[in-house]
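Colleague: Line order of the protein sequences matches chains V and S. Residues in the first sequence are numbered consecutively from 21, following my numbering. Residues in the second sequence are numbered consecutively from 19, following my numbering.
Don't take each hint at face value.
[Stated by the list, open to error] As a list, the in silico SDA-like pairs of lysine to any residue whose alpha-carbon atoms are at most 20 Å apart:
| no. | chain 1 | residue 1 | chain 2 | residue 2 |
| --- | --- | --- | --- | --- |
| 1 | V | K96 | S | P21 |
| 2 | S | K214 | S | I196 |
| 3 | S | K381 | V | T122 |
| 4 | V | K96 | V | F106 |
| 5 | S | K294 | V | T122 |
[Stated by the list, open to error] Quick partial rundown of chain V residues pointing at chain S, CB under 8 Å, derived from the structure:
| no. | residue |
| --- | --- |
| 6 | E104 |
| 7 | P105 |
| 8 | W111 |
| 9 | V125 |
| 10 | K126 |
| 11 | L145 |
| 12 | F149 |
| 13 | N182 |
| 14 | T185 |
| 15 | I193 |
| 16 | P197 |
| 17 | I258 |
| 18 | P263 |
Honestly, the hints are just simulated from the structure, not real lab data. This structure is a prediction, so every number in the text was calculated from the model and none was measured. Glycine residues also receive a C-beta, built at the ideal position from the N, C-alpha and C atoms.
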Amino acid sequence: MPLSPFAGGGTVNGRRTFLRGFFSVLLSGGAIGGILKILPSKADAGEAPPKGQNWYGFGVSVDKCIGCARCMEACKSENNVPREPFFFRTWVERYILRKNGTTTVKAIAPNVEPSPETASDKSILRSFFVPKLCNQCASPPCVQVCPVGATFQTKDGVVLVNENTCIGCRYCIQACPYGARYLHPGTRTADKCTFCYHRISHGLLPACVEVCPTQARVFGDLNAAASPMSRFLRMNKIHVLKPGLNTEPKVYYASLDGEVR
Amino acid sequence: MNPELVHTLRELIPQIQGYIYPNEIEIHWGLLIVVYPYITGVVAGAFILASLVKVFNVKEVQPLYRLSLLTALAYLLVAPMALVSHLGHPERFYEILLTPQTSSAMAMFGFVYAWYLMAVLLLEIWFVHRTDMIEWAEHETGLMRHIHRALALYSRDTGDRSVAFDHKALKVITIVGIPSAFLLHGYVGFIFGSIKANPWWSSVLIPIVFLFSAIVSGIALVILLYMILTPLTGGKISMRCVDKAIDFLFYAVIVDFSLELVDFIHRVYQSEEEIKILSEMVMSKLFASLIIIQVLLGMLVPLTLISLTKIFKKRFHLNEDLRKMVYFVAVILIQFGIFATRWNVVIGGQMFSKSFRGLTTYKMEFGGIEGLLFAIFLLALPILILAVLTKILPPWKEMHGQPAPEGVEAAGS
Ligand code: SF4
Ligand code: SF4
Chain V
21 MPLSPFAGGG TVNGRRTFLR GFFSVLLSGG AIGGILKILP SKADAGEAPP
71 KGQNWYGFGV SVDKCIGCAR CMEACKSENN VPREPFFFRT WVERYILRKN
121 GTTTVKAIAP NVEPSPETAS DKSILRSFFV PKLCNQCASP PCVQVCPVGA
171 TFQTKDGVVL VNENTCIGCR YCIQACPYGA RYLHPGTRTA DKCTFCYHRI
221 SHGLLPACVE VCPTQARVFG DLNAAASPMS RFLRMNKIHV LKPGLNTEPK
271 VYYASLDGEV R
Chain S
19 MNPELVHTLR ELIPQIQGYI YPNEIEIHWG LLIVVYPYIT GVVAGAFILA
69 SLVKVFNVKE VQPLYRLSLL TALAYLLVAP MALVSHLGHP ERFYEILLTP
119 QTSSAMAMFG FVYAWYLMAV LLLEIWFVHR TDMIEWAEHE TGLMRHIHRA
169 LALYSRDTGD RSVAFDHKAL KVITIVGIPS AFLLHGYVGF IFGSIKANPW
219 WSSVLIPIVF LFSAIVSGIA LVILLYMILT PLTGGKISMR CVDKAIDFLF
269 YAVIVDFSLE LVDFIHRVYQ SEEEIKILSE MVMSKLFASL IIIQVLLGML
319 VPLTLISLTK IFKKRFHLNE DLRKMVYFVA VILIQFGIFA TRWNVVIGGQ
369 MFSKSFRGLT TYKMEFGGIE GLLFAIFLLA LPILILAVLT KILPPWKEMH
419 GQPAPEGVEA AGS
């Protein structure tokens, strides 16, 4: 597998566990335990899940996306996201790379046909669409910073927000490197993609995956070798967004261009 | 739904440059969060000034001692208001204390704050004023007498042994207090510095820069208050005191300035992927507030003014009134400079997109909780509180440089 989909799978995990054990022996004591939690031990992040436990991931084929925006529409109605174009759980970006080295990016708007400029415009090197959503990071900075624990990670690796305890401080919005969060103007709490947790926990697919006409979006259990998700990871060269930040995203991109951030 | 918000966001769209993530149009931490570090900065700075008097026993600055303690208290009382009122759910604020997540810098707010308020500031103020309050109560009648009695916790003991105990306690509190003041503001810096997603904030230097700018703003504000309040209360400004305090301020500004310069050079030299968008932001959106107000008016001009007076004071026996004027202008400029620093950190950090491809914009509201009016109210409130505090615990005697009553004199030892 090109990228470890697990929060520190394999050797990394072994070393991390060892280090953590080592330091806890070295610095035992309650207060220091608290500091240790701040250290990048990812105390809140999911461990490599036990066998039989789901560990969800998401796949995106950049090649296949045609920018039809049905996913955005489906998401908005499925998840009670305000219709106004300032609040998104998922969105699609359009990249146009030109021969002179410049790149223009736009977020596409639903119900607006993407202009056909690509075909006639000879200055264009290539152009493509990139669907974006919360990366459901295995080491989520948004969970780390939430002062009240309202943003949390479930056992199956999905990061959720409890809207009954969120105080609306928006620290998580600042901490998410992917712009995946917004403050819901109705509830005044933080909101973002949940992988349609209410659907997947009943064995359904996320709404965006279900409506995607080209199957550019793939969803499934990373632990199950036979799932479409695992197949997607096997069959493609995979990249994630901003790997340098060590958030360990679980949204995997096939044919991702280096220009995309 | 909030139609007003949507309306504002719509207005912002045409002002966006380049590409930003669609959720980034709204700037989430507005003016209130600018006010918050500014206020805690004044607290930390004023307290550190008071500690300087204590620890290094600088006799000249003694007139500022009580004033700075009271200033610190007045501002500390307002600090949480700025933070709490910007929450989406202020009524749930207690959750931070009941179920704090230890990995979150912000979750520590309540604890750091309570520690500083209860264990440091209130105790120090109490011990400084205890014997005075007993003495005042003796000559007073009516309400004030009861207030002072109660505030002194009905202690009547002004004997040598208890006074000696006061001094010892003050020593201990000051020793604990300095790291606590550092903690208070260093921690506010950490709230920003620990956001790795944001290259404008994420720097180990941020807490330290915050700290020194805090010292600068605190000292400058106390000097300003001293220069305004002394004549108002019938005293005479002690130029020895102001000169000395300005000395401290001068060095603090220099350290602060160098730290910021190092941070700046470091960023430019490293020149990571975000440098393009950051320099674009500095040159367009932050030009006035960063280059003009923060650096030029807030630092370079006051530094020049102060150094000129320093040079010419000795040479030409620079006239006292002129010196006063210059200092007065300098400390006011410095206040604006530090406020601009907070603005540039907080608002600047949200103006560029995390896609590093575009800039969004901030529209200040006028009314409403996040608006200018409320921010001005929050900035004025500490002054009101200070007015009340000085009624209860008048620092005038010390400020006017009369032989301080027992409590103070000894406290200086
Ligand atoms: S993408 Fe952002 S919101 Fe989603 S888990 Fe990662 S940090 Fe949190
Ligand atoms: S806005 Fe809500 S979920 Fe986000 S950090 Fe604050 S309390 Fe946590």
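Colleague: State for each hint whether it applies.
Modeller: Hints, verified against the model:
| no. | hint | in the structure |
| --- | --- | --- |
| 1 | V:K96 with S:P21 | holds, 18 Å |
| 2 | S:K214 with S:I196 | violated, 29 Å |
| 3 | S:K381 with V:T122 | violated, 30 Å |
| 4 | V:K96 with V:F106 | holds, 12 Å |
| 5 | S:K294 with V:T122 | holds, 14 Å |
| 6 | E104 | holds, 5 Å |
| 7 | P105 | holds, 7 Å |
| 8 | W111 | holds, 5 Å |
| 9 | V125 | holds, 4 Å |
| 10 | K126 | holds, 7 Å |
| 11 | L145 | violated, 17 Å |
| 12 | F149 | violated, 14 Å |
| 13 | N182 | violated, 10 Å |
| 14 | T185 | holds, 6 Å |
| 15 | I193 | holds, 5 Å |
| 16 | P197 | holds, 4 Å |
| 17 | I258 | violated, 21 Å |
| 18 | P263 | violated, 13 Å |
Violation of the numbered hints given earlier is confined to hints 2, 3, 11, 12, 13, 17, 18; the remaining hints are satisfied by the structure.
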